[in-house]
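Visitor: Protein chains in written order, with this note's numbering: chain A, 1 to 360; chain B, 1 to 304; chain C, 1 to 361.
Keep in mind that a hint or two might mislead.
What the hints assert, rightly or not - Below are the SDA-like pairs computed for lysine to any residue, each with C-alpha atoms no more than 20 Å apart in a straight line:
(1) A:K30 - C:G86
(2) B:K298 - C:G86
(3) A:K122 - C:Y189
(4) A:K30 - C:K144
(5) C:K146 - B:I278
(6) C:K144 - B:I278
(7) C:K6 - B:E178
(8) C:K144 - B:I267
(9) B:K124 - B:W158
(10) C:K144 - B:G237
(11) A:K153 - B:L10
(12) A:K150 - B:I6
(13) A:K150 - A:K53
(14) C:K6 - B:G237
(15) A:K53 - A:S70
(16) A:K153 - B:L11
Hint data in this document are derived by calculation from the structure and do not stem from the laboratory.
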Amino acid sequence: MKRRTLLATGTTAAMAAVLGAPLRAQEPLKVGFVYVGPINDGGWTQHHHHSAKEMEEHFGGAVELLYQESVPEGPDAERVMTQMVRQGCKLIFTTSFGYMDPTINVAARFPDVKFEHATGYKTAENVSAYSARFYEGRAIQGTLAGRMTKSNKIGYIGSVPIPEVVRGINSAFIHARKVNPDVEFKIVWIFEWLNPAKEADAAKVLIEQGCDVILQHTDSTAPHAAAKEAGNVYTFGQAADMAEFGPMPRISSIIDNWAPYYIERTQAVLDGTWTSVNTWDGIGAGMVGIGEISSAVPEEYKAEAEAMRDAIAAGDYHPFTGPINKQDGSPWLAEGDVADDGTLAGLSFYVEGIEGDIPS
Amino acid sequence: MDLSAINPILLLASLMVAATPIMLAAIGELVVERAGVLNLGVEGMMITGAACGMIFAYNTGNAWLGFAGAAAGGMALSFLFAILTQYFLSNQVATGLALTLFGLGLSALLGQNYAEARPPAFPKMDIPILSDIPVLGPIAFNHDPMVYVGLILVAGVWAFLKFSRAGLVLRAVGENHEAAHALGYHVIRIRILAILFGGACAGLGGAYISLVRVPQWTEGMTAGAGWIALAIVVFAGWKPVRLLLGAYLFGGVTVLQLNLQAAGLAIPVEYLSMSPYIATILVLVILSAGRAPGSLGKTFHASR
Amino acid sequence: MLTLEKRPQPSQAWTYLAPLVAVVVTMIVGGAVFAMLGKPPLESIRTIFWDPLFGEFAAFDRPELVKKAGPLVLIALGLSFGFRAGIWNIGAEGQYIMGAIFGAGIALAFYPMEARWLIFPLMIIAGMVGGMLWAMIPGLLKVKFKTNEILVSLMLVYVADFMLDSMSLGLLRNPEGHGFPGSRNLQQYASAYNGDLIAGTGLHWGVIAALFAVVVSYIALSRHIFGFNVRLAGQSPRAAAFSGVNANRLVLVCMGISGALAGAAGMFEVAGPSGQILSSFNVGYGFTAIIVAFLGRLHPIGILLAGCLMALTYIGGETAQLTLGLPRSAVQLFQGMLLFFLLAVDLFTNFRIRLTAKEAA
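For reference, chain A alone in the conformation it holds in the complex:
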């Protein structure tokens, strides 16, 4: 076992040597990452992995990264986590909602190992939950979409109908309507997070039905390619900047940036100060990045969007600020009220003006 560990850590050790940093006397802290997709999926998993790598680099030789890609959500995930514990991981990040119950289960068995579960709602003594306020970025996308559309039809490719996605749709819609009262949303659900062929089909359908702005909550660049082919259609990068599709069709993006959080939490374990937390960070903390707004957007709209970004980052503006009614017209938030995190976390209704039903 010793020998194998040496082999596995060969690269990190070499790196530390190159940097001239003396190898620490104690073993490096092993940090495990469980990924739901392949590490080169171009979206969700790739960004978690990038951030994990950044974290590993940040700590030089003091941290060793272990990861497993494409782990099915279920008993297989439990086994992978258990294996990571046996390999000596003291901190394990599980990066998909479906790992919630498995994480809680494994954590109960290994009380001295810390777990961090992404996008869930359960925590425990040694399990933290973390997620990003992507809806803050959606507010900016909605504003840009409302400004840029000429047909007043905005397409939205939904992935899986969970609160995170519903929040995004609502946030984008509210802000699109705010700047352009005539916009309507066409929403298509594909029931998957990453399926390039289906995403391409969905984008084409939306374009055919007259949408000239496409928002996506799915991970591939396929909708961008479809928009590029169609011509005058605007898109937004998802999870990744997808800058290679700028300045047209991609006019901005929401970038997942987990690195600061990963560094902070790993540092906490190294310092022995780790405690279970429920983190929900947004633009302000840098967990949600807003990609460069491209030159295809007129200056005034760009300035408007950037002002909103800064206001959200500073905490001066909350995307869910009343008055907002629910889809059926009943009041949700009164004038000036701000949605509380509890309601947002389990959000499962559309706001007034959006047509259609959330699939169930």
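On the provided structure of chain A, position chains B and C as indicated by the hints.
Guide: Using the frame of chain A, we list chains B and C on its own:
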């Protein structure tokens, strides 16, 4: 709800595109099954084709060479299947399933450095005059060349099976390999050729997804298209002309359900998505007795 | 020129030798592939085949092996009867899903009532019934309309898959799940939970059922008239008909057994290791079990061993990814290769290779 938002011309045009990959893979599998071999590895060959297509297209800068590479890749994988089932007499069902597993792994390995790659453009053909015909023009005559390659292949297979002597022999081998052998035909050689053709077609179908429809390479991106191709062959009752219909039905349901969703119609997506499979079963029941090639899936060994 | 000559009866020696040869050849070729990828070949092979059984952490791995092999063996055993008789149910994946939906459905209908003596047995029955009903569709269609059961059972896998999606978003969705898809977790419902019978061994009721099924299958196949009929129907349908075997009944019985066992496997999985009805619930056990059935040569003991071997490559493959950084795709490729070689060497059991002077006609 706003059904008027659905433009039937565009719907039919995108249906032709959505049907192309499954049609390509299905026409190959149809020939394989008509020769009496059941290759359940279509998904594995398609995904390998998708990866090989990207690798060849990206490195040569030519989409056509990409398709050629994809056909070669699919064929190489099907060759494994041919060797195992025809020479080593392994069970076709198990070997086909193993082929899918193998293909998924192989393609992921081959394509691991191509996730960021973008294939060269594969422009639409603007067929003069024909594409200007109202309604029919944009539906049928304004696509990329592979759409027509698919149609030509189907027509070619139809003519081959119906009119050519080789097609007759192939069918004879599929219906009753003992009898065909007794008549002096090389059952195994014919089957291997059919399997290779099937592999090439599956490879083309996969590459259509990675080079034209999406276009990018992602692990597992065929997402079950190979299995749909298998369903289409059955739906078609092993007849090329009906296979066209089947491909349009399966491709159409995907496009249609997205269109209905976008138009704001509250449809239970799962039930609409499962409908073509149920339709296939119904077709099977109606077609009923003995339409499948007589020797389908059975192992042949001459000395029996 | 090499020619094949059918052995009068399968070679005893090769029956045992062939799998070993296949495993060794896979190790050599696989090792070469790993080496090409820049990974230590011996280390990789040892991690996959040896460590889960006898390595430093085998105590953790063995229960996982058991958990993984359980459903594979249970499903494969059910399939083996039909496969012997020439009845091709390849839709076990769908039957597995339906068993899980039925089993979980019963549990959730009773929730939160605590009455294990009633609920758990009902779930087992419901799981078996669910799988059996799903398998009866191709069975009945074959009997009534001579419809090809391979294709119908395959089609029904997709239908079941969409049913699962629909259930996890609709009918069986956890009302307290904060709007997320998926049912309640049965692991937190004592009356329904199919946990380890002895903590930390991986032995849950599904594994017990699989072991029990091995014994029953063995007896049925070797000692019982049913086993004889099944074998006869597979070897010579005409002879079977003459000897009074009712072919239609045999189809229904074989489909029913395979469906019921696949359904039971699905139920044990959803109530135990998995816990939840989720769209990601099925991970291909139904298809892998087909391969397991063939690797085990349709023999109960063989299936038991083959199921364990498959489970071993999964677990070991995972460890290799984690400790050696072997890409997941390489592990998948390796598994595919193992299957190819195992299928290929089967030839030597039934055939003899002869060197002949000229090509045989």
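Visitor: Does each hint fit the structure? Answer for all of them.
Guide: Against the structure, the hints come out as follows:
1. A:K30 - C:G86: violated, 52 Å
2. B:K298 - C:G86: holds, 10 Å
3. A:K122 - C:Y189: Given pair K122 of chain A, Y189 of chain C holds - Cα atoms ~17 Å apart, limit 20 Å.
4. A:K30 - C:K144: Since the Cα atoms of K30 of chain A and K144 of chain C sit roughly 61 Å apart, the hinted pair is violated (cutoff 20 Å).
5. C:K146 - B:I278: Status holds; Cα separation ~17 Å.
6. C:K144 - B:I278: Judged against 20 Å, a Cα distance of about 17 Å means the pair holds.
7. C:K6 - B:E178: holds, 16 Å
8. C:K144 - B:I267: violated, 34 Å
9. B:K124 - B:W158: violated, 26 Å
10. C:K144 - B:G237: holds, 18 Å
11. A:K153 - B:L10: Since the Cα atoms of K153 of chain A and L10 of chain B sit roughly 17 Å apart, the hinted pair holds (cutoff 20 Å).
12. A:K150 - B:I6: It holds: about 19 Å lies between the C-alpha atoms, which stays within 20 Å.
13. A:K150 - A:K53: Distance of about 42 Å is beyond 20 Å: violated.
14. C:K6 - B:G237: Given that 20 Å is the threshold and the Cα spacing comes to 35 Å, the pair is violated.
15. A:K53 - A:S70: Answer holds: K53 of chain A to S70 of chain A is near 17 Å, not above 20 Å.
16. A:K153 - B:L11: holds, 18 Å
Hint compliance for this structure: hints 1, 4, 8, 9, 13 and 14 are broken, all remaining hints hold.
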